[in-house]
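2 protein chains.
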Amino acid sequence: MATKIFTTTLISLIIIISSSHQLLALNHTPKFFRKFPFPSSAKSSQSQPQLDIHYETKFFQQRLNHFSFFKTPMFPQRYLINTENWVVGSGPIFLYCGNEGDIVWFAQNTGFIWEIAPKFGAMVVFPEHRYYGESVPFGSKEEAYKNASTLGYLNAQQALFDFAVLVTDLKRNYSANACPVVLFGGSYGGMLAAWMRLKYPHIAIGALASSAPILQFEDIVPPETFYDIVSNGFKRESSSCFNYIKQSWDVIESKGQTSDGLELLTKTFRFCQKLKSTEDLRDWLESAYSYLAMVNYPYPSEFLMPLPGHPIKEVCRRIDKGPAGTSILERIFEGVNVNYNYKGPAGTSILERIYEGVNVYYNYTGEAKCFELDDDPHGLSGWNFQACTEMVMPMSSSRKSSMFPPYEYNYSSFQEDCLKNFGVKPRPKQITTVFGGHNIHLALRKFGSNIIFSNGLLDPWSGGSVLQNISESIVSLVTEEGAHHIDLRASTENDPDWLVEQRATEVKLIQGWISDYYQNYKVVFDM
Amino acid sequence: MATKIFTTTLISLIIIISSSHQLLALNHTPKFFRKFPFPSSAKSSQSQPQLDIHYETKFFQQRLNHFSFFKTPMFPQRYLINTENWVVGSGPIFLYCGNEGDIVWFAQNTGFIWEIAPKFGAMVVFPEHRYYGESVPFGSKEEAYKNASTLGYLNAQQALFDFAVLVTDLKRNYSANACPVVLFGGSYGGMLAAWMRLKYPHIAIGALASSAPILQFEDIVPPETFYDIVSNGFKRESSSCFNYIKQSWDVIESKGQTSDGLELLTKTFRFCQKLKSTEDLRDWLESAYSYLAMVNYPYPSEFLMPLPGHPIKEVCRRIDKGPAGTSILERIFEGVNVNYNYKGPAGTSILERIYEGVNVYYNYTGEAKCFELDDDPHGLSGWNFQACTEMVMPMSSSRKSSMFPPYEYNYSSFQEDCLKNFGVKPRPKQITTVFGGHNIHLALRKFGSNIIFSNGLLDPWSGGSVLQNISESIVSLVTEEGAHHIDLRASTENDPDWLVEQRATEVKLIQGWISDYYQNYKVVFDM
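Taken in order, these protein sequences are the chains called H and U.
Per this note's numbering, the first sequence starts with residue 68, numbered consecutively.
Per this note's numbering, the second sequence starts with residue 68, numbered consecutively.
The shape of chain H in the complex, shown without the other chains:
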């Protein structure tokens, strides 16, 4: 979900990163409101190896407001389509539910669909989510994002209807009425895929919802879940690493009280411009930790940033080891004391350790000489609006179990910020009213079918997803070592066995849905 826009485009060896001052509000009132880093929303690194995929780019005229009947404008919805492998008239249609970002980027990062489509004789379609990428109403992003009255139609139900209308039209145009549609999606796109299967069973026969935190609403899961999982991801590598991070916030806060201290922080963390407050630094660090947990893949990847395999392991290794200049004695001393709330010599050492660690995330290639904060380089603030309207996901960080600064979710101040920033009042019950969530195992035990909720337990979003089978055909695939929708990514030579197996299971389940569909088709039409 587009809370953070990362770009790793190298500009004169300066890495521009998004300012993350909106991520975690710590123990004082949030400057803005809490946002939650879905890496799927991040811009891909342009240096990242591109998948060799082929598609046509098309546009479909969509109604801006599907739920009222007075005249509303249309807007062009972009979609990518590939029919090369499609068994004309009978092969399935694989539809990726575009989420909060450029659809080309999602297509590039969902290699799984492209890899399995030929085996299935499937058409592949990637429709873009309204208000993102090139699918913006009112002629321009500027106009579309002007205020709540133009942004008002940016929501999940309108987006699902877009998909429904588009598929219905495609089926007609391609004489594909009898073709089963299978939905795919990761992160917010996974939520859309699951919800679409539930709301439009006549349009799609099943959904693979990868890392889809459909339960991250209201009081369904404890608000500490997300940051606890991030924290545990560090703790399981090294409790000293966890403790260094946990202790670092106070050091940062205390240093940041003076201009000299800010200068020191700026220098220690290699920012190109002097920090104006500690908040930017805090958010920068918190983003790194959260994203690291999400992309804690077992092999080297370049999803958000070029990273080694098991990046948290490497981050912790460096934090624990400390900068090259740390004396052996100091390290030994720290090793002994790390569990006794030791803050390092005058607080300097701990910050250098932290820098060494997050440098893995922000600068693994070592090409950056300094870091620049950039608020929202691509103007993709769409998710902010969604978070301020229906995607209200309460999150706290626990003083006890989290390595983040303690924070208790405060709905009132969240609401105030949304009113201030967008002129909208959030509707925190909207999602659970429309799509459910409370007691989902009860509601769907005898209702619905053909949904896979796949989750890796390293992914902090897994805590808000479905981690137990609901019924025979609404199932949960959990991998202990998986991170954020790793299953949707293209296969690599380094895929561990469990990932190969997970994907095989998914293929088998999807095959089951499809053959079941064809069989039922025969039964029904022979009736």
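Simulated from the structure, these hints should not be mistaken for lab results.
None of the values given here were measured: they were computed from a predicted structure.
Keep in mind that a hint or two might mislead.
[To be verified] If you want the footprint, here are the derived chain U segments under chain H, 3+ residues with CB under 8 Å: (1) 430-438; (2) 502-510; (3) 513-524.
[Unchecked claim] Under the rule of at most 16 Å between Cα atoms (straight-line distance), these lysine to aspartate or glutamate pairs were calculated in the EDC-like manner: (4) U/K513 - H/D583; (5) U/K513 - H/E475; (6) U/K496 - H/E539; (7) H/K496 - U/E210.
Ideal Cβ positions, reconstructed from N, Cα and C, are used throughout, including at glycine.
Place chain U on chain H using the hints.
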């Protein structure tokens, strides 16, 4: 569905009836557009015996637009509630999905729910449909019905969301979170009940959708279905009756060419004011036949009008018999010739026969001295707007199999009329895109559960409903002698065995859903 507003309030022995000039367009372009008589939308006769039911009337503030996030007005949704029999905290909630009319009238005409609620220890709730009765936005019906921009929020999806929000709120207020909700509805209300179960499985555990023509859209059923069923209802009583009616249109048309002829028609049919055209008469007759088919109950009833049991039988008896003045020889002659396209002596006799027949419908008590046409006495044109936007139900009458004037559905002229009358362009695919309908047996064979589609085959709306089981728990209850949602009505001493059995089956199925729910509840929460 509110196409006709009937009132049988006696005013100086003049029965005011709705002008039905909008019903059937015959072989020339419709004056307005085709509307379809759902009797459920008719105003109840005030002289009709009232059920002895008790409830509190309350209002709930609903958001006018649930699907956009800029500021929209609220409106008061009326609902009737009875908790006398409710087993506090655990008993089920029986929710009637209010349709296009005053909710008090639906409560009065849905005796079934009131009768079974005590046995179930159920709370009973009748929420009113937005834009009907007292649940109008913008402060007044006049404002709400002003134009497409104020009417734009009158649609099924907004209405379902209203129900969802209301139930969620009631559950909280009554500490009824664990209480299963069972939906009921007849006609359009039945469609809403079925759709609500499909879209909001987390809110309701099952739905009894009585006489719900959810398939009366696009090309799912042949457009001739409705009028064919009406016609067959007459034919099965008497083929001569069917033929008299079929022949009457030409006679009416030819008489109506002159002012004297219109005078004669006015006199023959006892209108208080002189007819201005034959169209009013035609629509008046067509309405009568269609409504007669719908309320062709096996016992005397006063649903729309005071009627004898098997009213079509009585209508045909009178049509066949002819007016008291008809000579025996003439009757014998007609009896012999009726199948040979005999039009009666100079066309007079056939009209008198028709009058005798429809008099059963419009004036069974014999109290009316003349009939008055009244366009829309209660200003309830809401259904017209719904029919012009999403409830687009194509209907034709076949030259061959129907007794009605032949008419071929013409979408273009329908669309033109809607543009002219409401400034809206219909969206004929809206309902099938949102709720499905095509291949419903395929789509729902392995999806969803706990829906009863109950239909009586005498009801012309049965042709657009689900008449075969879809799965083990999405079932169809068909009664050969049933008419429009007879099962939802209060029981009477004259109920035939099949009706008693039908209701018992429904109760048993609902009991099954509820005990299944409690069982699953236990399983899920013991997990």
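Checklist entry - Is it true that the CA of U/K513 sits at most 16 Å from the CA of H/D583? => result OK: U/K513 and H/D583 at ~9 Å, within 16 Å.
Checklist entry - If you draw a straight line from the CA of U/K496 to the CA of H/E539, is it 16 Å or shorter? => result violated, 33 Å
Item to check | Holds or violated: H/K496 to U/E210, with C-alpha atoms at most 16 Å apart | outcome: violated, 30 Å
Checklist entry - For the pair supplied as a hint, U/K513 and H/E475, is the alpha-carbon distance within the 16 Å limit? => result violated, 43 Å
Item to check | Stated coverage of the stretch 430-438 of chain U by chain H [criterion: 3+ residues, CB within 8 Å] | outcome: Coverage by chain H is violated for the stretch 430-438 of chain U (0 residues, Cβ < 8 Å).
Item to check | Coverage claim, chain H over the stretch 502-510 of chain U, checked by counting residues with Cβ within 8 Å (three needed) | outcome: holds (count 9)
Item to check | 8 Å C-beta test of the stretch 513-524 of chain U against chain H, three or more residues | outcome: holds (count 5)
Comparing the model with each earlier hint shows violations of hints 1, 5, 6, 7; every other hint is respected.
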